[in-house]
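*Asks:* The lines below spell out each chain.
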Amino acid sequence: MTMTHLALRQVSKVYPTNPPLHALREVDLDIERGELVAVVGPSGSGKTTLLSLMGLLDTPTSGEVWIDGIEASGLSESERSRARSDLIGFVFQQFYLLGSLTARENVATGMLYQGLAPAERRARADAALERVGLAARASHRPGELSGGEQQRVAIARAIAGDPAVVFADEPTGALDQASGRLVLDCLRAANQTGATVVVITHDLGLAEMFDRQIHVLDGEVSG
Amino acid sequence: MRERGLRRARRAAQDLGVDTITPDAQATEALPVVKTPKRARGIGRKRRRRLRPGDVLATATLGPRTRLVRAALSAVGIAIGIAALVALQGIPASQQAEFRAELDRQGANLIVIYPGHESADYNSPTIPLPDTAPAMIARIGPVESLLARRDLENVAVYRTDAIPLGQSGSIGAAIADGDPVGTLNVEMTEGRWFDQATRALPTAVLGQGAAERLGVGVGARVWIDNRWWAVIGVLGRLELAPEMDATAFLAPDYATQFYPDQPIASIYVSAAHGKADAVRRVMAATVNPANPRGAEITSLSDYYGAGAMIDQMFQTLSLGLGALALLIGGIGIANTMVVAVMERRGEVGLRRAMGARTGQIALQFVLEAAFIGLAGGIMGVALGAWATYLYTALGHMAFALPWWVVAAGPVISVVIGALAGLYPSLKAARLSPTVALRAI
Chain U
15 MTMTHLALRQ VSKVYPTNPP LHALREVDLD IERGELVAVV GPSGSGKTTL
65 LSLMGLLDTP TSGEVWIDGI EASGLSESER SRARSDLIGF VFQQFYLLGS
115 LTARENVATG MLYQGLAPAE RRARADAALE RVGLAARASH RPGELSGGEQ
165 QRVAIARAIA GDPAVVFADE PTGALDQASG RLVLDCLRAA NQTGATVVVI
215 THDLGLAEMF DRQIHVLDGE VSG
Chain G
69 MRERGLRRAR RAAQDLGVDT ITPDAQATEA LPVVKTPKRA RGIGRKRRRR
119 LRPGDVLATA TLGPRTRLVR AALSAVGIAI GIAALVALQG IPASQQAEFR
169 AELDRQGANL IVIYPGHESA DYNSPTIPLP DTAPAMIARI GPVESLLARR
219 DLENVAVYRT DAIPLGQSGS IGAAIADGDP VGTLNVEMTE GRWFDQATRA
269 LPTAVLGQGA AERLGVGVGA RVWIDNRWWA VIGVLGRLEL APEMDATAFL
319 APDYATQFYP DQPIASIYVS AAHGKADAVR RVMAATVNPA NPRGAEITSL
369 SDYYGAGAMI DQMFQTLSLG LGALALLIGG IGIANTMVVA VMERRGEVGL
419 RRAMGARTGQ IALQFVLEAA FIGLAGGIMG VALGAWATYL YTALGHMAFA
469 LPWWVVAAGP VISVVIGALA GLYPSLKAAR LSPTVALRAI
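Chains U and G, in that order, are what the protein sequence lines are.
Under our numbering, residues 15 to 237 are what the first sequence spells out, in order.
Under our numbering, residues 69 to 508 are what the second sequence spells out, in order.
FYI, nobody ran anything at the bench for these hints, they're computed from the structure.
Hints are supplied without guarantee of correctness; some may be wrong.
[As the list claims (entries may be wrong)] A partial selection of chain G residues facing chain U, derived with a Cβ cut-off under 10 Å: (1) L130; (2) E415; (3) A424; (4) T426; (5) K495; (6) S500.
Just so you know, these numbers come straight off a predicted model, no measurement behind them.
Cβ atoms here follow ideal geometry from the backbone N, Cα and C, with glycine treated the same way.
With the hints as extra help, turn the sequences into a complete structure.
*Replies:* See the structure below:
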């Protein structure tokens, strides 16, 4: 039996620019637990806003965001932070690795706010690096890794804490095709271990490799 | 194990009958709005997680470790301020220590009593010191020794009786009773001071100046007021009482029969170390109980107060300069932190995405600024101590650094660093995660 994992109900997001920018318009969306979903759409269509709302990084102007059975609008800022640390892993196009830390330390930092002991963080970081095929590069700093490897470290960081959902915003956007494929394989592997994976991309060819495609256009969602 | 708290909370919410999302929910159908109680969600404030101290430290030092040169340059600003503060406290403290050491060498425990005056006018008649004064003073516990001097007016000292009157070489005569060696911290150049036998005989002890001018020593005789006096001793240089250096001291018991009722000109008193002030406080009433104002009492320890006053002024000035330097250092740190926050917006966004609370972000940057301040404070104390040491070493002075300056330097710099980092830290904490992540 599947179960709805993420849901948006009549969600709108309006940025208070002049004139106001309607990034999302009354969006309803359900994503089942364990799905591998691509969110596609052209630049400015509202994909990143959608990810921000589903990932509890931002709040909707109206409507409800449900994640793992909890309606997010009732959460305080502190509770949203905790929900992010416990439930969600993020992968960004720019990797956001800390340059002075090794790959292992970067991955372990991803669990810093979960309250895990340092030894457990290190053990999980090593396991996550193993899963993305970078166990041998655990002691390397980001500057010593290729772009694809850096993104895989970022994926290891996102999945090391065993999140329920992984959001990836254009994870292959800065990579060549071969590196991008490896990154996608890592995300797919994370999905196979039970995580719901939502990947944002503007690349329709890439999106076709996913179980489901959600199309965003001018703040409206279909699919 | 993962998301334990939230899953437990979700089960609890279901137990309570509040809604969760089900597969039957239709995309276009709004779910009944029933807020899940925070208690049921299990993510209320009581369950707020705190970073371990080691993690807090590692996070706070990450920035300075990554941008070492910039952090060091920022710390130098504070270091200069603290160094100025330390040196400007240390140098006067060293000077004061040297001053005290010099006073001790000079006889800081020496108290001198002169006859007082009847009024504030220095030319007014003097009030004689009572003859009982030396005995009374000797009874004061911390008094170690004393010397009472009675000047013999118009009594000249000659090498022989062949010297014409008036060519005395300005050598005076006095009756001195007591112990000059212990009181005035002087050695006998030759011979000895009066003992029970010689004090009743026509004997004299010469001051160094008197012996040099007369060109005589122990074994010689001197001609004083138409009598021969045998020289039995010569005192060393009287640094603490130079006015007596060119004086011939006559045996007290023997001389008194010729010069009775001579008033006491001065009494020199040596107090135990560190007791000069205490002795001095009771001195006036001891010397002349009937008229405590009838004695003028001085001591070298008076200069302690004068030195302290000068130090106070110097310290006030130095505190002002140090504060100014610290203000400039603080602005340097604030500037560094503002730039750091601007540069590291991506990191802020990432940490927020990873679950950092606003308070944790603020704490990270405040501690980072405080850490830079601490580094600057330690550098500053070392620099200031070194400057003080250099100053004292070059001046062959005693080195002294108040302990509170050493302790306060890092504390002050940490506070300044934290205050300087407060605004940038709050700015970082208030960054919305999405805005921070878009910044790169």
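*Asks:* Hints first: check each against the structure and report whether it holds.
*Replies:* Each hint, compared with the structure:
1. L130: Holds: closest Cβ of chain U sits about 7 Å from L130 (chain G), inside 10 Å.
2. E415: holds, 7 Å
3. A424: holds, 5 Å
4. T426: The hint holds - T426 (chain G) has a Cβ within 10 Å of chain U, the shortest such distance being about 6 Å.
5. K495: It is violated, given that the least Cβ distance between K495 (chain G) and chain U is near 16 Å, above 10 Å.
6. S500: holds, 7 Å
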